[in-house]
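Peer 1: Here are the chains, one letter per residue:
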Amino acid sequence: MITFDDVVKVYPGGSTAVDHLSLELPTGKMTVFVGPSGCGKTTSLRMINRMIEPTAGRILIDGKDVAGQDEALLRRGIGYVIQHAGLFPHRTVLDNVATVPLLLGKNRKEARAAALDLLDRVGLAPEFASRYPAQLSGGQQQRVGVARALAADPPVMLMDEPFSAVDPVVREGLHREFLRLQKDLGKTIAMVTHDIDEAIKLGDVVVILRQGGKLAQVGTPQELLDHPADEFVAEFVGRDRGLRSLSFDTAAALPVKPLPDDLVLDDAGRPEGWRTADGVRSTAGTFLTSDSLRLVTDLAIMSPVGIAVRVDAEGKADGVVPHHDLVDHLAARRGQK
Amino acid sequence: MNLSYLFDAAHWSLSTDGSIPQLILSHLWYVVLALIIGTVIALPVGLYIGHTGRGSFLAINAGNAGRSLPTLGLLMLMVTLLGLGLTPVLIALTVLVIPPILTSAYAGMRTLDRRVVDAARGMGMRPSQVLLRVELPMALPVMMSGFRSAALQVVATATVAAAVGLNGLGRLLIDGLAVNDYSRVLAGAIVVAVLAVVLDLILALAQRWIVSPGLSGRFR
Chain A
1 MITFDDVVKV
11 YPGGSTAVDH
21 LSLELPTGKM
31 TVFVGPSGCG
41 KTTSLRMINR
51 MIEPTAGRIL
61 IDGKDVAGQD
71 EALLRRGIGY
81 VIQHAGLFPH
91 RTVLDNVATV
101 PLLLGKNRKE
111 ARAAALDLLD
121 RVGLAPEFAS
131 RYPAQLSGGQ
141 QQRVGVARAL
151 AADPPVMLMD
161 EPFSAVDPVV
171 REGLHREFLR
181 LQKDLGKTIA
191 MVTHDIDEAI
201 KLGDVVVILR
211 QGGKLAQVGT
221 PQELLDHPAD
231 EFVAEFVGRD
241 RGLRSLSFDT
251 AAALPVKPLP
261 DDLVLDDAGR
271 PEGWRTADGV
281 RSTAGTFLTS
291 DSLRLVTDLA
301 IMSPVGIAVR
311 VDAEGKADGV
321 VPHHDLVDHL
331 AARRGQK
Chain B
1 MNLSYLFDAA
11 HWSLSTDGSI
21 PQLILSHLWY
31 VVLALIIGTV
41 IALPVGLYIG
51 HTGRGSFLAI
61 NAGNAGRSLP
71 TLGLLMLMVT
81 LLGLGLTPVL
91 IALTVLVIPP
101 ILTSAYAGMR
111 TLDRRVVDAA
121 RGMGMRPSQV
131 LLRVELPMAL
141 PVMMSGFRSA
151 ALQVVATATV
161 AAAVGLNGLG
171 RLLIDGLAVN
181 DYSRVLAGAI
191 VVAVLAVVLD
201 LILALAQRWI
211 VSPGLSGRFR
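From first to last, the protein sequence lines stand for chains A and B. Note that full-length UniProt numbering has the first sequence beginning at 1, numbered continuously upward. Note that full-length UniProt numbering has the second sequence beginning at 1, numbered continuously upward.
With the rest of the complex left out, here is chain A (with noise of 0.2 Å):
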């Protein structure tokens, strides 16, 4: 757990960049920053390895102030990744990924093999080993950044807008493997990003700082969702926030009508289409239980006929949701909050 007690930061020349910050970031869990520039979020972030020191008010790591350590070994046991990766040019991505591991005084061989075994762990094949970051793509740095964090297995660690220096595409598949990574590894992660939408997909908490370094609302991304503290948050989640807060529901709870005639099936009971009078028309995909009910209402309103159809494991039909009933359901769910 990262707790901060009452933080104040307060830059040369008197602007306040942190507010009397009192907050605890859960151990395992990924904690996001998120606020318009000028919010301190990074500043906050910097302060947890004393990259920056506070003004006043302690950071502690699992109950241990950060102020009393010494900074290089505290840093070597706090991961590190930053916007652009900032990888050693001169070095391969192999020595780039075993820095931490040497610093700590693992022997060159073993810093070696354990970078090659991260370096699979990220999903960089290990012929990239060999190579300078000169030769990658922003996105296979940005990889190559967080194998080196995890490097030496820290506890903790910390990402300064780690996904923005990326194309949307590559950020989309980026962000699903660092989710699929964290869940096996369960690092206690302090993350800052200026986008909203990352925090909420990636944070399993976020902590919405506003302009000056205050504490604006902090809360699980569908608490911030459905009941932003005040106009700010509000604004600031965005004027869809209802659309996306449904997707951290199931579609498990959803009733589903039997299968109508005019839904065209192939021999394996999966759904090819929808029989209308312009001919057979695609159901525009299907969802399982296990998706969110946003992905559903998205479904609805973009089939042909409004209905959305749900798959089994084995991908046949076994139910539909007509455009109606899935508004029901949802002015049931709105009832029970």
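For the record, the hints were derived by calculation from the structure and aren't laboratory data. Glycine is no exception: its CB is placed at the ideal position from the N, C-alpha and C atoms. Please note: incorrect hints may appear among the correct ones.
[As the list claims (entries may be wrong)] Here's a subset of chain A near chain B, in silico, CB distances under 7 Å, partners left out: (1) M51; (2) A72; (3) G86; (4) P89; (5) V100; (6) L103; (7) Y132.
Take the given structure of chain A and dock chain B to it, following the hints.
Peer 2: Just chain B now, with coordinates in the frame of chain A:
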């Protein structure tokens, strides 16, 4: 063009005093000494200024002032102050090599990608480790170009040693002029030029060897 002096085998005997090989060796001796002394002085100062950003006016102005100082004039001044000998020559030549080395060390450090340095610190490198393992290797290409330009300048300028009674390839120029032996002057000029090119080639090879392919783009 009369190349008879250059191609006379008698002038290439290593054992004869004042032969071309002997003059090359003494010439190189001045060059190497000036480069070593200049590097020992200019490199730490340039690195410090580049690393801290403090006193950058010094790095920039030293470069400009040094370039405008006439080496021969400085040498004569030093001889008047210190008398004849190797010291005044080395002082004059060292003053010549300091500006390019200092300025390039400074520039190499200033133009580093600060994000990489931030990552190095954030991963737990101590300041000396950041300097030796990250900043220096990254600044090396720019620093090497400054060193090469210093080496080229000092090879050409070390001929002034002969003006105050020392050896070096300047002997061919000065003695040749004194006795109107233009074949000798030409030999001196050609050998100096060839020496400069060869030295630069050697330094280019050294640069290729010590600069990481990740920086030079020369991937295997």
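Peer 1: The structure should be examined with respect to each hint, and the outcome stated for every one.
Peer 2: Status of the hints after comparison with the structure:
The beta carbon of M51 (chain A) comes within 6 Å of a beta carbon in chain B, closer than 7 Å, and the hint placing it at the interface holds. A hinted interface residue such as A72 (chain A) counts as satisfied when its beta carbon comes closer than 7 Å to some beta carbon of chain B; here the least separation is about 5 Å, so the hint holds. Interface restraint check: G86 (chain A) against chain B, minimum CB-CB distance 3 Å, threshold 7 Å, status holds. Among the interface hints, the one on P89 (chain A) holds; its C-beta lies about 5 Å from the nearest C-beta in chain B, closer than the 7 Å criterion.
For V100 (chain A), the interface hint holds, since its Cβ comes within 7 Å of a Cβ in chain B; the closest pair sits about 6 Å apart. For L103 (chain A), the interface hint holds, the least distance from its beta-carbon to any beta-carbon of chain B being 6 Å, beneath 7 Å. Taking 7 Å as the C-beta cut-off, the interface hint given for Y132 (chain A) holds, the closest approach to chain B being about 3 Å.
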